[in-house]
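Novice: Given next are the chains, with one letter for each unit.
There are 2 protein chains.
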Amino acid sequence: MKFIHTADWHLGKLVHGVYMTENQREVLYQFVDVVGEEKPDAVVIAGDLYDRSVPPTDAVELLDEILFKINVELKTPIVAIAGNHDSAERLSFGSSWYKHSQFYLSGKLTNSFDPVRINGVNFYLVPYAEPGVVRQLLEDDSIHSHQEAMKRMIGKIEETLNPNEPNVLVGHAFVLGGVQSDSERILSVGGSGCVGAELFEPFSYTALGHLHSPDAITHEKVKYSGSLLKYSFSEAKQRKSISIIEMDEKGNFEHRYRSLTPSHDMREMEGYLEQLLDPQFYEKERTQDYLKINLLDEGALIDPINKLRQVYPNVLHLERKIEMTDLKKKQSFNALRSEKKSEIDLFEQFYNEMTTSEFTVDKKDAMSEIIDKVLKGAGSR
Amino acid sequence: MKFIHTADWHLGKLVHGVYMTENQREVLYQFVDVVGEEKPDAVVIAGDLYDRSVPPTDAVELLDEILFKINVELKTPIVAIAGNHDSAERLSFGSSWYKHSQFYLSGKLTNSFDPVRINGVNFYLVPYAEPGVVRQLLEDDSIHSHQEAMKRMIGKIEETLNPNEPNVLVGHAFVLGGVQSDSERILSVGGSGCVGAELFEPFSYTALGHLHSPDAITHEKVKYSGSLLKYSFSEAKQRKSISIIEMDEKGNFEHRYRSLTPSHDMREMEGYLEQLLDPQFYEKERTQDYLKINLLDEGALIDPINKLRQVYPNVLHLERKIEMTDLKKKQSFNALRSEKKSEIDLFEQFYNEMTTSEFTVDKKDAMSEIIDKVLKGAGSR
Chain A
1 MKFIHTADWH LGKLVHGVYM TENQREVLYQ FVDVVGEEKP DAVVIAGDLY
51 DRSVPPTDAV ELLDEILFKI NVELKTPIVA IAGNHDSAER LSFGSSWYKH
101 SQFYLSGKLT NSFDPVRING VNFYLVPYAE PGVVRQLLED DSIHSHQEAM
151 KRMIGKIEET LNPNEPNVLV GHAFVLGGVQ SDSERILSVG GSGCVGAELF
201 EPFSYTALGH LHSPDAITHE KVKYSGSLLK YSFSEAKQRK SISIIEMDEK
251 GNFEHRYRSL TPSHDMREME GYLEQLLDPQ FYEKERTQDY LKINLLDEGA
301 LIDPINKLRQ VYPNVLHLER KIEMTDLKKK QSFNALRSEK KSEIDLFEQF
351 YNEMTTSEFT VDKKDAMSEI IDKVLKGAGS R
Chain B
1 MKFIHTADWH LGKLVHGVYM TENQREVLYQ FVDVVGEEKP DAVVIAGDLY
51 DRSVPPTDAV ELLDEILFKI NVELKTPIVA IAGNHDSAER LSFGSSWYKH
101 SQFYLSGKLT NSFDPVRING VNFYLVPYAE PGVVRQLLED DSIHSHQEAM
151 KRMIGKIEET LNPNEPNVLV GHAFVLGGVQ SDSERILSVG GSGCVGAELF
201 EPFSYTALGH LHSPDAITHE KVKYSGSLLK YSFSEAKQRK SISIIEMDEK
251 GNFEHRYRSL TPSHDMREME GYLEQLLDPQ FYEKERTQDY LKINLLDEGA
301 LIDPINKLRQ VYPNVLHLER KIEMTDLKKK QSFNALRSEK KSEIDLFEQF
351 YNEMTTSEFT VDKKDAMSEI IDKVLKGAGS R
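Sequences listed follow chains A and B, in order.
The first sequence begins at 1 in full-length UniProt numbering and counts up by one.
The second sequence begins at 1 in full-length UniProt numbering and counts up by one.
With the rest of the complex left out, here is chain A (with noise of 0.2 angstroms):
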């Protein structure tokens, strides 16, 4: 059984005030390509189909046109959930209709987690859902984070597992595991947002989405396809790829991964403004690119952003590299990475840095009655 795993189309996509929509497409037709080639008997969407709930309508037509090409033109069962940027409720609509043409979208979470079963393979789908929500619909009240959710979502799905059975979870979470953890650990004071790897152990490979990097984790069976195309400048160096599995019977796998190629790539340059206007230079260069340029030059320049695209026309971001707010701005992020600082203390300084006004003894013992509240919740799980 071979099935395509991708995730995190986001159509609709905003880079820095440029829409993607136009190399979306672009990427899209290629995708549709490699499944007329591969001929999969499924293609898995792991999430993050559009980039927001109410999605701009040429990023709904593409959608609908892509899917209609995969699922009803080349005859391809598809597996989609939603992800955090996609609204449940309206990528829901119509979803009744779709798994008669065995496109099977799990927009909102619901209580049944029977899986679809596609030539062998069971696929269990747990779309994007807040921990309240999980909550709620499974009337927990011990759920309040991430890994409480799909823990129990989990042990839901156990119930009525056939553990011979090649089973496989498609999710939406930020999963850690393997060499990232440490560096993605700032995104997450208290961990609520994560969910560790070792929860997807019952199955023989679970489909994920939200990170965009294929290099997210480094797990044997955990994993991520990563995005379509580059969605911001710190994904430059990021490859990009869908990753195709072919899986036995007993839910043993091979995994490779093919790369789309967008015609305009996403990446950062830098120099002195004189040279990046030099024509020997640029000559050499893919100019048509989405650049983020950061200047070198000390002192004032006139107008560079325009003389920069009279050679590169998509230059969507421009830095110098000599600013004094830029320097303030990197002095405290770094400071507050390296010091152990507490979480009352991590508060006031961020109140300090948003607001004008005083944090004051008052303010400071309301905010510290919330965070030991809240600490001693998270102690007794």
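Think of the hints as simulated: they come from the structure by calculation, not from any bench.
Check before you lean on any hint, since a few could be wrong.
When chains are identical, the list treats them as one kind, so a pair holds in a single copy or across two.
[Claimed, not checked] Result set (BS3-like, lysine-lysine): computed pairs, CA atoms no more than 25 angstroms apart in a straight line:
id, residue 1, residue 2
1, Lys2, Lys373
2, Lys69, Lys99
3, Lys376, Lys99
4, Lys2, Lys364
5, Lys373, Lys151
6, Lys99, Lys75
7, Lys341, Lys373
8, Lys69, Lys292
9, Lys321, Lys39
10, Lys108, Lys156
11, Lys292, Lys39
12, Lys376, Lys341
The hints should help you fit chain B onto chain A, whose structure is shown.
Specialist: Showing chain B alone in chain A's frame:
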């Protein structure tokens, strides 16, 4: 062949700050019951399924639920078009899948005017579109009004229409004809928003949406079903119903109404505060209805809205009969209606009421020029 004609559901409608979704759900459940009883061969929904292009999520869920009950559970084909309140693109999503279950949803106007054939009847779907959209689609620069757009589209339909078969047009437009034409004339200066009923002559029946009263036109074959519910106090005295049509193979039909009954009516009440708050009075009243109350008292009253809400919890709007602003409004409205003014005079009056700046000679000249152009354009049709 039997079909039900309904329109203007306006799911997600907000009336004076109150969401109508629960009332809509109640009445739509009755509608589903009627479909179960009548067992029609099709349900026709002539546009404005939603009240706005991005409806609230519970409206999205309600529409999904109701259409699923009708189409899948009751196995009844559905023919539906987008109205001016719907987003053509958003509503269209998934329609390629729906038609496999005989749910024919036409959101965005396309160049194909092939009918949907159900049980011997041809349904021609004409979703709402601005004249500019039709102009582009049909590549016909002469289209500037809804009248011209509809005429051209019907012309396209006639190229292949078989007049010996029963043909039904499903449209969403402001159609004039019969008794209402005079009073509604004022809504559309220049007439560019209106479509003449005579255009629909080629069809056995025209199922319209847009105007909310089934009595909006009195025409043998061109009919509005009216909206699902009363959606403003101006509709307080309109009857609300759905139409049941039984058509023979020659296109002759019988037409009857069935009504749906919301538990809360929408109506106006008039009286003195003291009287309205008198138990002897209100014990005979349906106090839960959505009410616009016109108070006849003169002079100051202390917090009348909250006093009234003790008895009538769903007062949506309170009006004092004798207020100078009201009188003034009424006078100017009546003046506007009774006088035969030229377009430029009407505009000058409008300008003076809407702005605080002077309608100078320059402005008047510019506007006159525009009006002349438009009128000339209208004359050369």
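Novice: When Cα atoms must be at most 25 angstroms apart, do Lys2 and Lys373 count as within-copy, between-copy, both, or neither?
Specialist: neither (48 angstroms within a copy, 64 angstroms between copies)
Novice: How do Lys69 and Lys292 come out at 25 angstroms by Cα distance, when the copy is not named: within, between, both, or neither?
Specialist: neither (35 angstroms within a copy, 52 angstroms between copies)
Novice: Taking 25 angstroms as the upper bound on the Cα-Cα distance, should Lys69 and Lys99 be classified as within, between, both, or neither?
Specialist: Classified as both; 15 angstroms inside a copy, 16 angstroms across copies.
Novice: If the cut is 25 angstroms between Cα atoms, do Lys376 and Lys341 qualify within a copy, between copies, both or neither?
Specialist: Classified as within; 18 angstroms inside a copy, 76 angstroms across copies.
Novice: Between Lys373 and Lys151, at a C-alpha cutoff of 25 angstroms, which is it: within one copy, between copies, both, or neither?
Specialist: within (22 angstroms within a copy, 69 angstroms between copies)
Novice: At most 25 angstroms between alpha carbons: which applies to Lys99 and Lys75, within, between, both or neither?
Specialist: Answer is both; intra-copy 13 angstroms and inter-copy 16 angstroms each pass.
Novice: Treating 25 angstroms as the Cα threshold, decide for Lys341 and Lys373: within, between, both or neither.
Specialist: within (18 angstroms within a copy, 72 angstroms between copies)
Novice: Taking 25 angstroms as the upper bound on the Cα-Cα distance, should Lys292 and Lys39 be classified as within, between, both, or neither?
Specialist: Close neither inside one copy (38 angstroms) nor across copies (63 angstroms); limit 25 angstroms.
Novice: When Cα atoms must be at most 25 angstroms apart, do Lys2 and Lys364 count as within-copy, between-copy, both, or neither?
Specialist: This pair counts as neither: shortest intra-copy Cα distance 56 angstroms, inter-copy 71 angstroms.
Novice: For Lys108 vs Lys156, is the C-alpha pair at or below 25 angstroms within one copy, between two copies, both, or neither?
Specialist: within (17 angstroms within a copy, 42 angstroms between copies)
Novice: Between Lys321 and Lys39, at a C-alpha cutoff of 25 angstroms, which is it: within one copy, between copies, both, or neither?
Specialist: neither (48 angstroms within a copy, 73 angstroms between copies)
Novice: Give the relationship of Lys376 and Lys99 under a CA distance limit of 25 angstroms: within one copy only, between copies only, both, or neither.
Specialist: This pair counts as neither: shortest intra-copy Cα distance 45 angstroms, inter-copy 55 angstroms.
Taken one by one, the earlier hints fail for this structure at numbers 1, 3, 4, 8, 9 and 11, listed in ascending order.
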